[in-house]
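Chemist: Listed below are the residues making up each chain.
Number of protein chains: 2
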Amino acid sequence: MRIVLDAMGSDENPAPDVEGAVLAAREFGMTIVLVGEQDQIKRELDNHDTAGLPLEIVHAGQKVTMEDRPGEVGRAKPESSMHVGMRLVKERQADAFVTVGNTGAALSIATLHTLKRIPGVSRPALSTILTLQGKAMILLDIGANADCRPEWLAQFGVMGSIYAERALSRKNPSVALLSIGEEAGKGSTLVKEAAELLQSCGVNFIGNVEPKEILAGTADVVVMDGFSGNVLIKSMEALGNTLFGLIRSEIKADWRSAIGGLLVKPALKRVYRAVDPFEVGGAPLLGVDGVVIIGHGRSNAYAVKNAIRQAQYAASGHIVEAIRDGLSSTITRDDSLPESSH
Amino acid sequence: MRIVLDAMGSDENPAPDVEGAVLAAREFGMTIVLVGEQDQIKRELDNHDTAGLPLEIVHAGQKVTMEDRPGEVGRAKPESSMHVGMRLVKERQADAFVTVGNTGAALSIATLHTLKRIPGVSRPALSTILTLQGKAMILLDIGANADCRPEWLAQFGVMGSIYAERALSRKNPSVALLSIGEEAGKGSTLVKEAAELLQSCGVNFIGNVEPKEILAGTADVVVMDGFSGNVLIKSMEALGNTLFGLIRSEIKADWRSAIGGLLVKPALKRVYRAVDPFEVGGAPLLGVDGVVIIGHGRSNAYAVKNAIRQAQYAASGHIVEAIRDGLSSTITRDDSLPESSH
Chain A
3 MRIVLDAMGS DENPAPDVEG AVLAAREFGM TIVLVGEQDQ IKRELDNHDT AGLPLEIVHA
63 GQKVTMEDRP GEVGRAKPES SMHVGMRLVK ERQADAFVTV GNTGAALSIA TLHTLKRIPG
123 VSRPALSTIL TLQGKAMILL DIGANADCRP EWLAQFGVMG SIYAERALSR KNPSVALLSI
183 GEEAGKGSTL VKEAAELLQS CGVNFIGNVE PKEILAGTAD VVVMDGFSGN VLIKSMEALG
243 NTLFGLIRSE IKADWRSAIG GLLVKPALKR VYRAVDPFEV GGAPLLGVDG VVIIGHGRSN
303 AYAVKNAIRQ AQYAASGHIV EAIRDGLSST ITRDDSLPES SH
Chain B
3 MRIVLDAMGS DENPAPDVEG AVLAAREFGM TIVLVGEQDQ IKRELDNHDT AGLPLEIVHA
63 GQKVTMEDRP GEVGRAKPES SMHVGMRLVK ERQADAFVTV GNTGAALSIA TLHTLKRIPG
123 VSRPALSTIL TLQGKAMILL DIGANADCRP EWLAQFGVMG SIYAERALSR KNPSVALLSI
183 GEEAGKGSTL VKEAAELLQS CGVNFIGNVE PKEILAGTAD VVVMDGFSGN VLIKSMEALG
243 NTLFGLIRSE IKADWRSAIG GLLVKPALKR VYRAVDPFEV GGAPLLGVDG VVIIGHGRSN
303 AYAVKNAIRQ AQYAASGHIV EAIRDGLSST ITRDDSLPES SH
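These protein sequences, in sequence, are chains A and B.
Under the numbering used here, the first residue of the first sequence is numbered 3, with each subsequent residue one higher.
Under the numbering used here, the first residue of the second sequence is numbered 3, with each subsequent residue one higher.
Hints were generated in silico from the structure; no laboratory data involved.
Any given hint could turn out to be false.
As the list makes no split between identical chains, a pair holds if one copy fits it or if it spans any two.
Taking lysine-lysine and the DSSO-like style, the derived pairs with C-alpha atoms no more than 30 Å apart in a straight line are [said to hold, decoys possible]: (1) Lys214 <-> Lys137; (2) Lys137 <-> Lys194; (3) Lys188 <-> Lys79; (4) Lys271 <-> Lys188; (5) Lys79 <-> Lys194; (6) Lys254 <-> Lys271; (7) Lys254 <-> Lys137; (8) Lys267 <-> Lys214; (9) Lys271 <-> Lys194; (10) Lys118 <-> Lys92; (11) Lys118 <-> Lys188.
Isolated chain A (complex conformation):
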């Protein structure tokens, strides 16, 4: 297996990206193709013992930054490491592409400029993989589509279900729909219409869920529109950061707490790791014609390594082929969907 890594992705690139590639090559044994400014990558590799590791470099003369606008960078920087890396996947010279760079840019470059959509896919969806108490679940869409149609949500359910089965090793994955209140009659018009479609599109649809059920691990796949999904993920991130920040400062507030803080530090670290997105590293952009895994810009080498492992799962599960086949055998194909009528 050959996995392409965008070496210029993370906030501190290329150091964490390159180190993550070294760790992944050593631990998992697949070939990692590092794409980016080759002199910088070589210099960074010199800091590691890479003897015998299956690492390659492909040069890319441009680099996407966090400041680049997703709508412009696709045309403005056609030789970016994202473009070059995704083209390698498109030309079947590699099995998957991984970046922890600008998410909007990766979405735009994949969807519009390089890999494009799998035939039959209405809209690609950005996902995230949550792990809690050892159970992984996939949430989508978390931000690619701020305005959604019910048919797209049903398709997200099909794609998420295939991912859960092929890459997260779930049998007959349960699919739920984010709503407010669990009753079928509650929620927005979009949710009510999407719930009907999800019931008849061949996935194991278990109904509507609220955020607490998501965290309880009720479903393997949770479908949502990109606006609510983004709000959900960012609300949890923001509250998590606020709480850990408050805990850190309150524990420093007096000597008694400070001593206690030293003693509970390992316990708090376990809690932090239980909800740390770096444990999974990255999640797929589903619906594009090639495996693309996107991680956080703040990723360290450990997170990059884990994102590469996620790419391995997705590629060895042949998720792109499975989505192509899955969509052609369900009613969620664009051309066979009933018009919404509610």
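Please build the complex by placing chain B on the supplied structure of chain A, with the hints as guidance.
Modeler: Okay, now just chain B, sitting in the frame of chain A:
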């Protein structure tokens, strides 16, 4: 001032409700009218020293439960404590109504069966008041309207701004709009159209915010549609509960952490209280023709007391009159709003 309290609201009613009324009457000195099953209320009052306290009882023969469906209970239980209590406000026999009972039922009974809307209000909005590091801010809508129109969001901004000024003592309150990404060009169609209206409706609109800016206290008022708002609040609640649950269990995992846990307990309690919704107790249902404050069903007496204080702030700030006047002087009135055209 006379404030009506639904004595049959909390999950453990009427004990926490009645005790909250006793605490509020003692601490704040206003008259509290307890509405509900009078024998139960009297029995509960016997457990407290109420000598000289301005407490009254008004009997209501029916009671709304958490299982009652909001859409049905308005007609099905016309003599519920919510109906009877809100009618007292409508007939100007009291200045405000407080309940920690079934939120959907309170919304429906207020909007459709008793107080009804303030003239000019398109849709009442459910709000919540967050306090972080001592700063209170109001978020609305958090669940009354799952499908929203841009004009409604602009009106929520006007009503929230008036509340922040009159009840939370903010001068020229800043109003923000929940979105994904802070740039004006990002977000859903609804958000883009609402942002334009908020710019020209006379409030101090500071632009779009994400959940982390909300928690940082960037704005006094944050406007959102009821679906995303509900997802935001419930995501934060769910993550908070999950984190505190994990911390509790990890701290018990070994003797070293257990000892540390005892020492950091006061620090963790301070963190918990910093994000505890019971500190505010309740938040207004804005846009109905009377002050209605709604708190959590899980409320204890302390939360009920704080919800009563919130009602006092709202009533003494004359928010209903201010909203009536405010709407008639801004362009967010239904009849003067431009049609959305994007």
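Chemist: So which of those numbered hints doesn't the model satisfy?
Modeler: Going through the list in order, the structure violates hints 4, 9 and respects the others.
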